[in-house]
Amino acid sequence: MADGPALALQGALVAALSANSAVTALVGARVYDEPPQAVTLPYLRIGDIDVQPFRTDGGAKAWSVIFAIEVHSRPIAGRVEATRIAEAVAVALDEQESALTVAGHVVEWVFHLTQTVGREADGKSYSAAVAFEASLSE
Amino acid sequence: MKSVSGADAVRRKLSILDDRIVKHVGRANAQSGGELVRIAKVLHPGDGTNKAAIHGTANADGSYLCDFGPKAKVTEGKNAPRPFVNPALTVTRKKHKARAARAMKNGVKEAFGG
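Line by line, the protein sequences are chains B and Z. Each number in the numbering used here corresponds to the 1-based position in the first sequence with 4 added. Each number in the numbering used here corresponds to the 1-based position in the second sequence with 9 added.
No wet-lab data here; the hints were simulated from the structure.
Straight-line C-alpha distance at most 20 Å; calculated SDA-like pairs for lysine to any residue:
(1) Lys114(Z) - Asp70(Z)
(2) Lys104(Z) - Ser68(B)
(3) Lys82(Z) - Glu124(B)
(4) Lys103(Z) - His116(B)
Pulled from the structure, derived: some chain Z residues nowhere near chain B, Cβ distances all over 10 Å:
(5) Leu26
(6) Arg29
(7) Lys80
For every residue, glycine included, the Cβ atom is placed at its ideal position computed from N, Cα and C.
Chain Z extracted, bound-state conformation (with noise of 0.2 Å):
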């Protein structure tokens, strides 16, 4: 029997790889999700009461939730004042794509060592 050299090595780096895209993309994630909320809360229309109750939290697995308030379908609504959820994910989505990508190359860079 013989062994392959190196493979344990790999083993070790690639049983690490989860963990460290967890903390790299969790990271771009509250960044990304914290903007996202500091957006919508200065479209929203409402007062400083609905406005105080969008609000982001950071997940163990790496996700952010964004809470835009109980008020949130209502001003989306079709027939109801501004919306502002949409308008706040369309003017960041592209710079969250971008951070999420950069993060995930950092989380693969950190574990095997590059």
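Just chain B, with the same shape it has in the complex (with noise of 0.2 Å):
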């Protein structure tokens, strides 16, 4: 069985961001779905990815959905790197359609939402979350 328009795009976001080489500068070959438990920071971790359906006339199916993606950086690189490596991650996929190749589907557009930076709880590192939304149809 052919995979849904969530996991799909997983594999699609983890491809683009792995190949785009602003983004592999700041974090190298590091974008996870799941970090391993030792692992080096910076990295970049796939968000929640929220997925609707949209209704449409007749047997077309086409999906909204909004995604994030997460930025963990180094505890010693402040605010700085987060962002650096957040504003990377916003420019490598902002209407990108090209660069995402969704198996069994069409990304029909997709852009920036929105991005936010913060501290992490050890009270050293940042991370940051940087938001998509996109449209998908079969």
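Combine the two chains into a complex, taking the hints into account.
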């Protein structure tokens, strides 16, 4: 069975972010769904993916998707590193439909919604969430 | 005594105006509120339990109550981790205003048969 829109998009996001030179210059190949136990910072993690079907006429299927990419930066690097990575992620995906190859689906559009950067619970490192909205169809 | 022709029709239209406005704006509010909740959820830095506490309720008067959960104040505070409510509100404000204005216009149109 082919993956649904959420799983297919998740794979496409990992591939697109790993292939973007501006992003890899900052986080290397560390783009994860679930990071390993002793993960090296900084890294990206695929955050929540919220999928809602659109009501469409006929048999065509389409989905509205809101998703986030989480940024986790090093304790010594402050807010600057998290913000810099978040901005690189926004540029890598904002209106970059062609960069996202979602198996079995077509990305109609994707755009950057907002981002937020804040201190982690340890009081030293920073994390960010970069939110996007997209529309997928079959 | 003379009656004014046409006033009854206008009065009838005015009497259903409130109802139509509540219907259209309520629908728009529910859509906008749902959107706000979805964005807040993906921005929320907490775990699944905290995210699940974020939800919305449509009220009978057409308003939509967004509840950002018990951790909202902590995560929105100055000395705490990532804020998520304000960024979600900021990014959706313009769209939601436009949607509400459109709904209001549709409500008037429906009541007056335009």
